[in-house]
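Chemist: Model the full assembly from the supplied sequences, consistent with the hints where possible.
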Amino acid sequence: MSVIEISSLKKRFGKVQALDGVDLSVEAGEVYGFIGPNGAGKSTTIRVLLGLLKASEGTARIFDKDVWHDAVAIHRDIAYVPGDVNLWNNLSGGEVIDLFCRLRKSHEHSYRDELIERFEFDPTKKSGTYSKGNRQKVALIAAFSVAARLYILDEPTSGLDPLMEQIFRQCIAEAKARGATVLLSSHILSEVEQLCDRISIIRSGKIIDSGTLDGMRHLTRNHVSLQTDAPPATLAGLAELPGVHHLKTDAAGMVSFDMDNAETAAVLAFLADKSIRHLVSTPPSLEELFMTHYVSH
Amino acid sequence: MSSLLGTLGLIRFILRRDRLYLPLWIIGLVTLSVFFVPMLPDMVGDEASKQALVETMKNPAMTMMVGPAFGSSYTLGAMYAQFMLVWVALGYGIMNVMFVIRHTRKDEEEGRLEMIGALPIGRNANLLASLLVILAANVLIALLTAATIPAFGVETIDFTGGLSYAFALSACGFSFAGIAALCSQITTRARGALGLGLALLGCAYLLRAMGDADANLELLSWISPLGAASRCEPFVGNLYWPVLLLFAEGLVFSGLSFAFSSARDIGAGLLPQRRGRAHASVLLRGEWSLAWRELRGTVIAWLVVCFVFSAAYGSVMGEMNAFIENNEMYQALVGVGGSTSDITNPVISMLMLIMSMIATIPVISAISRLRSEERRGRLEQLLAKPVSRSYLFAGYFVIAVATAVLMMLANAFGFWLAASSTLSEPMDMGLVFKVTASYLPAVIAFAGLAAFLAGALPRLISLAWVFLVYSFLAVYIGRTMDLPQWVARATPFGLLPSYPMDAFDWPLAIALVGVSVAIAALGAIVYRQRDMSAL
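Chains A and B, in that order, are what the protein sequence lines are.
First residue of the first sequence? That's 1 in our numbering, and the numbers climb one at a time after it.
First residue of the second sequence? That's 1001 in our numbering, and the numbers climb one at a time after it.
It should be emphasised that the hints constitute simulated quantities derived from the structure, not laboratory data.
Keep in mind it's a predicted model, so treat the numbers as computed, not measured.
Heads up, the beta-carbon is just placed ideally off N, CA and C, and yes, glycines get one too.
Any given hint could turn out to be false.
Claimed, not checked - Derived DSS-like pairs (lysine-lysine); straight-line CA-CA distance at most 25 Å:
no.: 1; chain 1: A; residue 1: K132; chain 2: B; residue 2: K1434
no.: 2; chain 1: A; residue 1: K132; chain 2: A; residue 2: K15
no.: 3; chain 1: A; residue 1: K65; chain 2: A; residue 2: K15
no.: 4; chain 1: A; residue 1: K126; chain 2: B; residue 2: K1058
no.: 5; chain 1: B; residue 1: K1106; chain 2: A; residue 2: K125
no.: 6; chain 1: A; residue 1: K126; chain 2: A; residue 2: K65
Unchecked claim - Calculated Cβ distances over 12 Å to all of chain B for the following chain A residues:
no.: 7; residue: S25
no.: 8; residue: E95
no.: 9; residue: I208
no.: 10; residue: H218
no.: 11; residue: D229
no.: 12; residue: V244
no.: 13; residue: D273
no.: 14; residue: I276
no.: 15; residue: E288
Modeler: So, in structure tokens, the structure goes:
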């Protein structure tokens, strides 16, 4: 059974179609990355999942319960961290963390003090005086203080320094080890690349690609660079091969190009008798995948 | 003057940002200042009823409430100025305080001034720009008011008097702009600065109430900008030097705020930030306790306001009795077989009515908080926990109703305590509490209305405030003068009978509370069904 199951989800705000048929399914125990540019619909999807916004069409379920009607029941088992944490100015960070834990009707506070220490957080300051990163810590500490079945994280690390970002990654790893499920929306692609088992890319309210990072790479291009002992003219036909793009030769004789993965066999056959001395093929980074999706569509 | 560099650009920026807000305030205040002029002659009526009104306006309770009557012949103009000026000046004060804090401390708290500060713009340019805009707005309001007043062609309400009336109001308003500029240097939070500014406005009202009620304390009325404004004697003496005094006060306070502003860091205040607790107390454990924690300060502050204002009103009862004993006309009015209470009862009823409306302010404000929490994106985090929307909504409504009850208790207790201490024998406690309680259903009705708006029409929540101002004007004027009955009866306060002169109408009171709860419940139903958004 999927933990999150979204199908043909649509959300309109007046004339704006914010979500235009989103399909997404997150399995138990996986860390799921959710990426896309600003305004693509990530936060809207998450707000629908949290029962804050009512879907115009389609269904969204968590733990096989309807996200709108059974919101309160679902929320007993989830933890949420927004990208922009707004706190109550007259409460201290410690008070907010305790309040959030109590609202989740939990009496185990085992991780609270440990997390405050790991995140190097001062809980005695009034919330109004915290910086962006420190406000983010309040929500993160509250979220990880109590074990949840599902973590919904909407750009949770915005404003965190790289050291704290590492602590966050450890927290995710620990949650995963406990068997929890994580939906992580983020702009920090290295974070997603490192943490996530599967990824969905959203654009203009539609999911345009989903799957494992490896799976996505198969559908795209690898970057190939090679050197040959043969005269440059022998490679003349390379540019004409289907699936070869951006062919370049630099001053040192290094040839580089992008190759559609589907054409790998044909390209290698062409290169087989060209006295190749050295060949490197690198899969695209998530960043490159992301760019491909956004520039080419 | 490099610290003021860029002021002109910022003025244009402020005007652009407030292109709706400022005109609405200007139109609102001009209307508030003049709307009653054309209605006055009809309401005053013939000579006999005018004489009765004159006596009413000159009694100590009225003087305490609205300030003294000026001039030996009590003309319509003199009556208009006495009847309206102090209340309308409160409106000017609120506008000036809100505007200045919105453009100074609020912008600073939200981090907008930081971005402006990074531009080639002087440190104090924003403060100067805000004060210049509000000064210009005050002058514009005064000119519009002065130009409108003679157009109604009411006897003795002429241009000269209108000009004095208009500038008295605007100068008083500007003095509060200066006070607000100072407040926004003191606290680090806009909410705190606003509270402080409005509290000082309340103090100004109280100072002049004490000064006007007792000739030995008249200095207090001069210290209060509201008292100084009424001493322009519009339509009678038409004095201008109180206007100059008030503008000068505004400039002095502004000057002080520049001095403080130059000396401090951005984001800092003169009051230090206290540290908080590392752990939440056992009392902070759910959505209701969080709501209470958020509203606690407001509720306590307003309890003090209600108690102090009621006590001030109560303290006039002693003088009221002396006034009746020495006044032939009143004695004639009481007549054979009558008693003094025939005159004091309506006064108690009127004073408690006004206090009930003041008590309504924190009630609406409690429910508005539900909306502002939503707009600031805080509810999003709360509702992502196992928190039901209806439960959250009910929490704010229950706190608002409890606030209403607490305020009314403070009103009754403050009034009774002060009245008893100035009278030779203690005031009838039961009467004061019953009069106060008779208005409770109306206060609860406002809680219901605000809850309905917060739930169903969140963008229109300020309609609750508009309706409260309307109720105040309709009932305040309607109780004193002849006004078509429906004008006051369209409001919860006017709908209820004037106890103890009329019998208390239980079915009506129960129906009013019932309808209030019902519309609040309707609000809750829509609230459960709608999107939670920052819009």
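Chemist: Against chain B, does D229(A) hold up as non-interface, every C-beta pair farther apart than 12 Å?
Modeler: holds (58 Å)
Chemist: For K1106(B) and K125(A), compute the direct alpha-carbon distance and say whether it is at most 25 Å.
Modeler: Since the Cα atoms of K1106(B) and K125(A) sit roughly 21 Å apart, the hinted pair holds (cutoff 25 Å).
Chemist: Please check whether the beta-carbon of I276(A) is more than 12 Å away from every beta-carbon in chain B.
Modeler: holds (56 Å)
Chemist: Is it true that the CA of K132(A) sits at most 25 Å from the CA of K15(A)?
Modeler: violated (33 Å)
Chemist: Beyond 12 Å from every Cβ of chain B: is that where the Cβ of D273(A) lies?
Modeler: holds (62 Å)
Chemist: Can the restraint linking K126(A) and K65(A) be considered satisfied, given a maximum Cα separation of 25 Å?
Modeler: Status violated; Cα separation ~37 Å.
Chemist: Keeping to a limit of 25 Å between CA atoms, is the pair of K65(A) and K15(A) held or broken?
Modeler: With a Cα-Cα distance of about 29 Å, the restraint between K65(A) and K15(A) is violated, given a limit of 25 Å.
Chemist: Should the label of S25(A) as a non-interface residue stand, given a Cβ cut-off of 12 Å to chain B?
Modeler: holds (21 Å)
Chemist: Between K132(A) and K1434(B), does the CA-CA distance stay at or below 25 Å?
Modeler: violated (52 Å)
Chemist: Can the restraint linking K126(A) and K1058(B) be considered satisfied, given a maximum Cα separation of 25 Å?
Modeler: violated (52 Å)
Chemist: Verify this label for me: E95(A) is non-interface relative to chain B, using a Cβ-Cβ cutoff of 12 Å.
Modeler: violated (4 Å)
Chemist: Taking the shortest Cβ-to-Cβ distance between I208(A) and chain B, state whether it exceeds 12 Å.
Modeler: holds (25 Å)
Hint check: violations occur at hints 1, 2, 3, 4, 6, 8; the rest are consistent with the structure.
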